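Here are the chains, one letter per residue:
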Amino acid sequence: SQTIHQWPATLVQPVGSPLSLECTVEGTSNPNLYWYRQAAGRGLQLLFYSVGIGQISSEVPQNLSASRPQDRQFILSSKKLLLSDSGFYLCAWSLVRDYEQYFGPGTRLTVT
Amino acid sequence: KQEVTQIPAALSVPEGENLVLNCSFTDSAIYNLQWFRQDPGKGLTSLLLIQSSQREQTSGRLNASLDKSSGRSTLYIAASQPGDSATYLCAERAGGTSYGKLTFGQGTILTVHP
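One line per chain: the protein sequences are A and P, in this order.
Under my numbering, residues 49 to 160 are what the first sequence spells out, in order.
Under my numbering, residues 83 to 196 are what the second sequence spells out, in order.
Isolated chain A, as found in the complex (with noise of 0.2 Å):
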């Protein structure tokens, strides 16, 4: 069976300072993969997707970066956080085959 992994679980940065977060996909091979941010008030936002390694597609202009150095591993990065970048970040895969998207549980980061 699949299983979506993200960690770390909880994180405080102070603003300024760079961010990264891990996403790693088991049992499946070539998923979709994509970055959301769940903020307070604003709803579930899709902020990258991938399609294979190296291919990143960005969905809003933002203070991040997401990279995809192996198949099931997608990162998401920032070289400074801004106060605007706190919120839950979650990571998610699909197959192509009808696009069901399968959630991981989550990064709470909260930045100070």
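Read the hints as simulated data drawn from the structure, not as lab findings.
For clarity, every value in this text was computed on a predicted model and none was experimentally measured.
Cβ coordinates follow ideal geometry from the N, Cα and C atoms, glycine included.
All clues given are correct.
Cβ-to-Cβ under 7 Å is the rule here; a few derived chain A residues that face chain P:
(1) Y97
(2) V99
(3) L138
(4) E148
(5) Y150
(6) F151
(7) G152
Let chain A serve as the given structure and place chain P on it in line with the hints.
Just chain P now, kept in the frame of chain A:
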């Protein structure tokens, strides 16, 4: 621009009651629609995926319907239990995308009290 709206924003019901959650979408070229459950501080759990060619899908006490012509989907929960308390999200997947982008509604917060 695709928009997804969920009504009501919050719902409180006594245990055992049958209930319906509503989801409206603007994109008539829908590919499929997915219903999720989210417990506080947790990720999303996929409940049902209903294809644009289907009218409904069932899983246990859950039944989701899809009406493309009216741009509506409903999630029916039978014999509700306190363990059903959570936020329920619907998300539409439009046709024509190569990667399955989802557009989410704001969610319905469901509370089932004993």
